[in-house]
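Mind docking these for me? Both chains are given alone in their own frames, and the hints should help you get the complex.
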Amino acid sequence: METERPADTTVTTGSRRAGRRAACMELAIVLGAVAAVTGLCWLMRDITGYWPIAWIYLALISFLATQPLGYAAIVAAAVAGGLAWNFFFVPPVFGIRIKHFQDAVVFVTYFAVAVLIGRLTTRLRQRELEVRNREHQTAALYRLAQGLADSASVEEALAHATQETARTFGTDCHVVLAGADGRPGPGAASAGMRGQPAIRWQSALETLRAAARPGTCAAPMTMDGWLHLPLHTARRILGLMSLRTDERGALAPEECDLVNAFADRIAAMVERYDLIAGASRTKLAEESERVYKTVLDCVSHELKTPLAVLQAAADSLSAALEPTGGAMHGARELVGEIQTASSRLGRIVDGLLSMTRLDAGRYRLDPVWCDVDEIIASARLQVADLLAGHDVAIKMPPDMPSVRVDSGFVEQALANLLANAAAYSPPEARISLEAGLVDEAFLVLQVSDCGPGLPDGDTERVFEKFYRGPMAPPGGVGLGLSVVRGLMHALGGEVTAQNSHGQGATFILRMPVEVRRIPESA
Amino acid sequence: MNSQSQRPIALVVDDEVQIRRLLLMALEAEGYTAYEASNGEEGLRAVVFRHPDVIVLDLGLPDMEGTEVLRRLREWSTVPVLVLSIRQDVADKVQALDLGADDYLTKPFHPAELAARLRSIRRHSPGDSGLPVFEAGSLRIDFAARKVMVAGQDVRLTATEYALLRVLAQNVGRVVTHRHLLRLVWGPTAEGQSQYLRVYMNHLRKRIEADPSQPKLIRTEPGIGYRMLEPE
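Line by line, the protein sequences are chains A and B. Residues in the first sequence are numbered consecutively from 0, following numbering that gives the first Met the number 0. Residues in the second sequence are numbered consecutively from 0, following numbering that gives the first Met the number 0.
Looking at chain B on its own, in the form it has when it is part of the complex (with noise of 0.2 Å):
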């Protein structure tokens, strides 16, 4: 065994030859072995072959929309994927996070940013509650005891305040989409209603955020949803 085989596997999928050198120097500069693959069936074949521990996906692929990579991967593998496009807009963000990408960065993005993300959705998968106690800045939640406290000070939740924040603190650093959210916390009817998501996450703010209109928690993603920000 050398000391190769210990380190995370990551594999890229993009067609620009130069993005991918790119990402590859970065990667490997990040620890990671990485792998890379110019079309959508060319990365799933790798996917199958290389079995990497993350998976860096542009969504304009000569051959199939990256969307579509997804759409197949998720049919039999749960490796976590960062979607990395040149797309800015909303729909196509949510569209991509709702067919089970990880995350969503667009280009152009800062190496670091990228290397911070990949180790946030491989640190944790989805919905993942191992812990008993989640701790993040001044926010300590132990799940056993349903007790959530900020800055020493124990905080009175409601139950939907509360199924919101254990939601997204098991999703930490990762956004998760409105329509998730309503899904889980409201249940499947719900998924049209994001205006009384807005409300909750308001009262929630207020109780846990220092200064609501500056939250240093909980980010809004613009259009798509919420994402709990990972502990310095």
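So that you can see chain A by itself, here it is in the shape it has in the complex (with noise of 0.2 Å):
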């Protein structure tokens, strides 16, 4: 695939063309030189005789060789000044054949020490070249490494990353980091810009995802002049990192090694800002959770407290005017205005505190296996005191398997569909409440009344929160239904209403449920 060649490949491509040119320029330079050389010596070849000069040729050589020349030029260089040597000076002048012994030992031995000289040099030169070249790198490593470690922000990182990366490789720079959903993401930073890129960074992005075999790092590729790395940790790609390179052409191999290098560094940082954000969330959330809880708990027990005592010093003054017969005039009717009135504030307290649980997402579902049956006995005796005079019918699969489901919001929700059927049926009205399973997955469970039924169009906003239909009894502020809503949604599920075909109002609760079947003889 074009997208996928590797990096290097197009690096020797590169550098080939660029290094026949410098070949060429220090062939030309040791010739030169060597012609110099050799006209000097012609002025002084009467005075020294013509064996000094094969030494002077060969300091020339060593000089040459302390330069920063290539081998095949010190050798090139060696060649020449043998054949001047031999053409020039040799007897018989003017010819290359060698006539005395001395003059051929003479003439290799030239010839050995020159090209051992020359590769002696040289290879010492590469050595230095490489520990410079490595100094290079590790200083640039290390200035990468010192500014990301200083930064405050990733965003300051990120910029000093491309800045640091642009002035070591003397190109243009762009990092961009892969949002949550594998987008760019809100990190991005470029240095060295002319212009704005034109890099497709999602394509770039994608495909190195592609070419990312699972448990291996998808390796850097080019694409449109731009040479593109994975920001990538063992997990995942963070993000990717561009580097201009039709410019200035390609990377070479040790290069290469160090894009790499910074592109680790600079994954590294990413990954540790991600964590540190993620833990400081992790922390923020907890706190938050804590200081809420501790304040419910204490508004729920300051508002609940007042209200026990106020309904259980009802309770007894009623038990202790029984006797009496109502002696004081009227002293029963009021007690009892107190008990309905604390009950009803109960009631309210509880709604309102249910709600801001739910509204604050303060809640934690505790799914048990239960039966529907007993969910709705609990239910129907929450609300008992309120369901006194109505007929409840219950219609209910005779097979009903067990369910899991948090057993506690389903009879608060069901409890308060009862009562608010019992709040808009007239006395003696039948509530019917009829129990089942859809696809063996979902629990519905549905409360209809003989009521009024809803009013046009207010089959949503009944939900709303202190929302109360115009046929509202008196006694409630609306919150019943809303409550019901929020279970729902905590548990997954969700409630409707409609009105019947008859008369009254339908409200059905639909819930995602574990279901277990088990065989009758177990």
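Quick caveat, the hints were computed from the structure, so don't treat them as lab data. For every residue, glycine included, the Cβ atom is placed at its ideal position computed from N, Cα and C. Incorrect hints may have been included.
[Claimed, not checked] Stretch-level coverage of chain A by chain B, calculated; a stretch enters the list once three of its residues show a Cβ under 8 Å from a Cβ in chain B:
#	stretch
1	370 to 384
2	405 to 415
3	480 to 488
[Unchecked claim] Which residues of chain B face chain A? A partial, calculated answer using Cβ under 7 Å:
#	residue
4	Ala-25
5	Ile-85
6	Val-89
7	Lys-106
8	Gln-194
9	Arg-197
As structure tokens, this is what we get:
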């Protein structure tokens, strides 16, 4: 695939042309030097004789070897020097034949020494170059690490990273972080940019992702004149670092190593900031959770304690008045009013507290295996005083299995619906309650009353907080149904309202449950 | 000896002074001699000095959790304890009952119900099988003969159903948690298997209740356990 071509193959084609030009240049330099020395020696040949001239050539070769020239240039200089010495100075002059044995020995020794010197010095220089290169890389990495460590935020760190990369590699650099959904996220920085970069992040990222096999790292790739490197951790690709390569040419192999090291450092930095951010988010959430729970518990305690006192005192007073036969005029009625008012207040406080908990998400679901008839029985028990005088008809399939659900939430929702049905129904009216399973995965509970039904278009509004229907009986704040909706949302279910075919309203609870049928013979 | 010493002694441990005053009045009216304590330490001391016959304990105490009071108390005393708390969470109730509370009532409460619960937990100490015959409404259990009758008719129960019924009858009036029931009937390894308990309870109810969907003898305490209702 074109886009998956590894970066270093482009490096070799790019540098080969530049290398050839440099070699020609070097050859010209050494040949010029040999020619100059030959001319000089020609002038002094009568004074020195021709043997020392070989030493002068050797000195020239040694000098050239210390210069930043390739090994081939040194060998070329040695050959040219040897030939020139033989041709111009060794008798017979202007001929390449060597007459004396001694001259031949000097000639061969000269070559051996010249090649050896060239070899040794170039190797030495190569070593030096490598060391300098490594030092340069280390320094660049150190500067990068230092800058990343000094940065106070991920944005600052990214800005520093791109600047350092652009400076080190002498080209434009751009870093973009992938968001949670894999698209370019909020973190991005560029350096050395001339104009807007035309980089196709998305496709580059996707290609890198596709190329990364599980457990391996995605390789850098070239696309649109940019070298794209994935910023990855062991688990995922965090973002993309792109270097412009169309103008400066591809990177040399050692530069590739360096740029990979850069990418690793930057990825580690991004991950560190991610982890820090995650940890502080968790801590903050825990802290606010704790504070909220304390406040809510406190408010709950402070509201309910006086209510409990009020209710218990009214009850005791009522019991104490019993034997007197209501000696005090109207005393029993008055106590009855206190009892009614306090239980009404109690229901409102309960509704408000439930609503607050649900709104703030301060609840923990505790699904347990339970039977639907148990839930129905305890919901009825909860609102027994309100249901007094109403006939509750229950319809349920005989083979209803056990379900796993937070029974407290369902019970509360059902109790609120029953209370609502009782409030809107005429006395003695029938309330029907139907239970069933849909697809063996959803529990459906349906409560129908014989009340006035819902006004047109109110099937949604009835669940709004503090909404009161036009036919609402006095006494109530319009929280019961919104609590039901909150409870259902918490359970991952829903509540809907509709008018029954005959008369009255029907409320339907539908929630996902786990179902387990146990053989009867168990 | 004055008549006071004949009266049962109740101890109220609660940090709310109004609740304490109210409970004291209600308990005195019920024929108890009532003492009060406003925190856990004081409450534990009062148990030592007053030898109460029954304790009403709040969970949210200023110096220690009510559950901690229970834990310490149960190390050396079996005096019946009724927990009276604002907390409605099933988990709180189960914890208190598993730690050895005899019953649980949430505030707001009716003093008459409180009195009835106190009577119930005082009358039967847990696991009490002193009587050879148990009767509640239409139900009659003859422990010696292992015979169960409903409305004069013999009812045949399996061994497990009978064991369930016996445990509930021996703890009549008080809640028996799922864990406790499972341990007593199936053994300690069955403690997490409450769904089987439900199945057997359904079978049992079909045999002894007139209308299993509206049980009159064994009431479900959702998420907590079951309670055999006290005969009227």
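We went through each hint and held it up to the structure:
Chain B is given as covering the stretch 370 to 384 of chain A, and this holds because 6 residues of the stretch bring a CB closer than 8 Å to a CB of that chain, at least three being needed. Closer than 8 Å: that is the beta-carbon criterion, and the stretch 405 to 415 of chain A has 3 residues meeting it against chain B, so the requirement of 3 holds. Only residues whose beta carbon comes within less than 8 Å of a beta carbon in chain B count, and the stretch 480 to 488 of chain A has 0; fewer than three means the coverage is violated. The interface hint given for Ala-25 of chain B holds, since its Cβ lies 6 Å from the closest Cβ of chain A, which is under the 7 Å cut-off.
Interface restraint check: Ile-85 of chain B against chain A, minimum CB-CB distance 5 Å, threshold 7 Å, status holds. Given the 7 Å rule on beta carbons, the hint for Val-89 of chain B holds: about 6 Å separates it from the nearest Cβ of chain A. Satisfaction of the interface hint for Lys-106 of chain B is found here, the shortest Cβ-Cβ separation to chain A being roughly 4 Å, below the 7 Å cut-off. With a least beta-carbon distance of about 4 Å to chain A, the hint placing Gln-194 of chain B at the interface is held under the 7 Å criterion.
Hint status for Arg-197 of chain B relative to chain A: holds, with the closest Cβ pair at about 6 Å, below 7 Å.
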